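Between the sequences and the hints, there should be enough to build the whole structure, so can you do that?
The UniProt record's numbering puts the sequence shown at residues 1 to 153.
FYI, nobody ran anything at the bench for these hints, they're computed from the structure. In this text the structure is predicted, and so the values were computed from the model without any measurement. Glycine is no exception: its CB is placed at the ideal position from the N, C-alpha and C atoms. Be aware that one or more of the hints could be misleading.
Said to hold, decoys possible - Label pairs and their in silico Cβ distance ranges:
{"hint": "1", "residue 1": "N70", "residue 2": "E8", "range": "29 to 37 Å"}
{"hint": "2", "residue 1": "F96", "residue 2": "E44", "range": "54 to 62 Å"}
{"hint": "3", "residue 1": "T45", "residue 2": "S81", "range": "32 to 40 Å"}
{"hint": "4", "residue 1": "S15", "residue 2": "S74", "range": "55 to 63 Å"}
{"hint": "5", "residue 1": "S104", "residue 2": "G84", "range": "24 to 32 Å"}
{"hint": "6", "residue 1": "A87", "residue 2": "L46", "range": "31 to 39 Å"}
{"hint": "7", "residue 1": "F82", "residue 2": "P59", "range": "31 to 39 Å"}
{"hint": "8", "residue 1": "Q109", "residue 2": "S67", "range": "53 to 61 Å"}
{"hint": "9", "residue 1": "D55", "residue 2": "V2", "range": "50 to 58 Å"}
{"hint": "10", "residue 1": "P41", "residue 2": "I72", "range": "29 to 37 Å"}
{"hint": "11", "residue 1": "D38", "residue 2": "W88", "range": "35 to 43 Å"}
{"hint": "12", "residue 1": "F82", "residue 2": "S104", "range": "30 to 38 Å"}
{"hint": "13", "residue 1": "F105", "residue 2": "F82", "range": "29 to 37 Å"}
{"hint": "14", "residue 1": "E48", "residue 2": "I72", "range": "47 to 55 Å"}
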Amino acid sequence: MVTLTEVEDEHFQSSQAGPDVDDDDFTDTDSEISNDSDYDPSNETLAERLYALRDIVPPTTRGWISSRVNSISSKAWSVLSFSGKGAWVITTSALFFGVPFALSFAEDQQLTAMEQEYNMRQTGSELLTAGSEQNTADKVGAALGDGQAKPSL
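Shown next, in the form of structure tokens:
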């Protein structure tokens, strides 16, 4: 038959080197908050209170929320960046193509107005310099159809 005997190691019998600890002051509690704390909640800011609430949300949920916020912010940044670049392209295109077109259109309108003015002056000078053929009253009467000028009432 076999008999078991316990043999203690010398290493476990000697005490460890280190500071002397008074075991009388040691209390094993689950809470780290003591009753004689100098904590004053009125000095705490809203940001500190919200930061303390992070422990309520489980780490997996915090990770999910963080990834969603990062995803949304990156998409928003992409949309804003694309919008800014698009606005830049539209603005420069309008300047490069729109301004010269507007200037040429305005010049064309000015030329048309000058031609109309020239034609009106020509017509007016023909009426005034009708010469020996007819006088102005006869031309106006001729437009009425009977060759005689009719007085207006």
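Results of checking the hints against the structure:
The hinted range of 29 to 37 Å is not satisfied by N70 and E8, whose Cβ atoms lie roughly 58 Å apart. Separation of F96 from E44 is about 59 Å and conforms to the stated range, judged on CB atoms against 54 to 62 Å. For T45 and S81, the hinted distance range of 32 to 40 Å is satisfied, since their beta carbons lie about 34 Å from each other. Look at S15 against S74: about 59 Å separates their beta carbons, and that is inside 55 to 63 Å.
Taking the beta carbon of each, S104 and G84 are about 31 Å apart, inside 24 to 32 Å as hinted. Distance hint for A87 and L46: a CB-CB separation of about 37 Å, consistent with the stated range 31 to 39 Å. Checking the proposed 31 to 39 Å range against F82 and P59 shows it holds: the Cβ atoms sit about 34 Å from each other. Here the CB-CB span from Q109 to S67 is close to 60 Å, well matched to the stated 53 to 61 Å.
A hinted range of 50 to 58 Å for the beta carbons of D55 and V2 is consistent with their spacing of about 55 Å. Taking the beta carbon of each, P41 and I72 are about 33 Å apart, inside 29 to 37 Å as hinted. A hinted range of 35 to 43 Å for the beta carbons of D38 and W88 is inconsistent with their spacing of about 58 Å. For F82 and S104, the Cβ-Cβ distance of about 33 Å falls inside the hinted range of 30 to 38 Å, so the restraint holds.
At roughly 32 Å, the beta-carbon separation of F105 and F82 lies within the given 29 to 37 Å, and the hint holds. Separation of E48 from I72 is about 26 Å and departs from the stated range, judged on CB atoms against 47 to 55 Å.
When held up to the earlier numbered hints, the structure conflicts with 1, 11 and 14 and fits the remainder.
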